[in-house]
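**Student:** Going by the numbering used here, the first residue of the sequence shown is number 54, and it counts up by one from there.
If you're looking for bench data, these hints aren't it; they were derived computationally from the structure.
Any given hint could be a false lead.
Label pairs and their calculated CB-CB ranges [said to hold, decoys possible]:
id : residue 1 : residue 2 : range
1  : Gln-178   : Glu-140   : 11 to 21 Å
2  : Leu-106   : Trp-135   : 39 to 49 Å
3  : Asp-171   : Glu-97    : 49 to 59 Å
4  : Ala-96    : Pro-203   : 29 to 39 Å
5  : Thr-138   : Asp-171   : 27 to 37 Å
6  : Glu-169   : Glu-84    : 36 to 46 Å
Quick reminder that beta carbons are idealized off the backbone N, C-alpha and C, glycines included.
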Amino acid sequence: MELEERVAALERRLAALEGADGGTRPVGGGELWALQRLKEELAEAGYPNGGVLYTGSVRLPTEERYEWQYGTFADQLLDADWSQTAESFAALGHGVRLRLLREILGGRRTAAELAELDDIGTTGQIYHHLRQLTGAGWLHTTGRGRYEVPGARVVPLLVMLSAARP
């Protein structure tokens with residue numbers, strides 16, 4: 054394994070470990086324990102209009118692990134300029150880009166590996182899609198044409214996919 058690949062793998066592992074230490078561990082049980090805990094936290098903090106919380110603990114096919122949690126108050130979301138998120142959503146709004154993300158999470162990390170896939174397009178088209186995803190923050194390069202989903206984006210991406218399912 055080349056030194057760059059080894060360093061990138063170590064950085065991914067470190068990011069996953071740092072993410073695991075920064076999150077709150079689930080407490081309690083019951084059917085809607087996360088919702089109940091969120092409501093308690095919001096009431097204690099004095100936010101009557103509620104909030105949103107998403108969290109996840111994921112092991113990818115590559116054996117990388119990510120634990121992540123994010124929450125925000127409803128007022129902050131409702132008062133924000135939603136147009137600032139358009140680029141991020143637009144980058145995900147193409148079937149080929151979603152497939153590229155899935156393949157990258159699955160371990161195909163180079164443009165050459167991605168170009169071997171059926172029905173993915175030409176090398177030029179692949180690079181176009183990779184640039185769109187990188188520009189929106191869904192990917193970053195780890196050197197020598199290697200791509201990965203940043204650790205802080207793995208769980209949010211899976212949350213968005215889960216929310217979009219019919």
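**Student:** Each hint should be assessed against the structure and marked as holding or not.
**Tutor:** Evaluation of the provided hints:
1. Range check, Gln-178 to Glu-140: about 19 Å between beta-carbon atoms, so the 11 to 21 Å window is met.
2. Distance hint check for Leu-106 and Trp-135: the Cβ-Cβ separation is about 19 Å, which falls outside the suggested range of 39 to 49 Å.
3. A hinted range of 49 to 59 Å for the beta carbons of Asp-171 and Glu-97 is consistent with their spacing of about 53 Å.
4. At about 33 Å, the CB distance of Ala-96 to Pro-203 agrees with the hint of 29 to 39 Å.
5. Under the hint 27 to 37 Å, the C-beta atoms of Thr-138 and Asp-171, about 32 Å apart, fit the expected range.
6. Look at Glu-169 against Glu-84: about 45 Å separates their beta carbons, and that is inside 36 to 46 Å.
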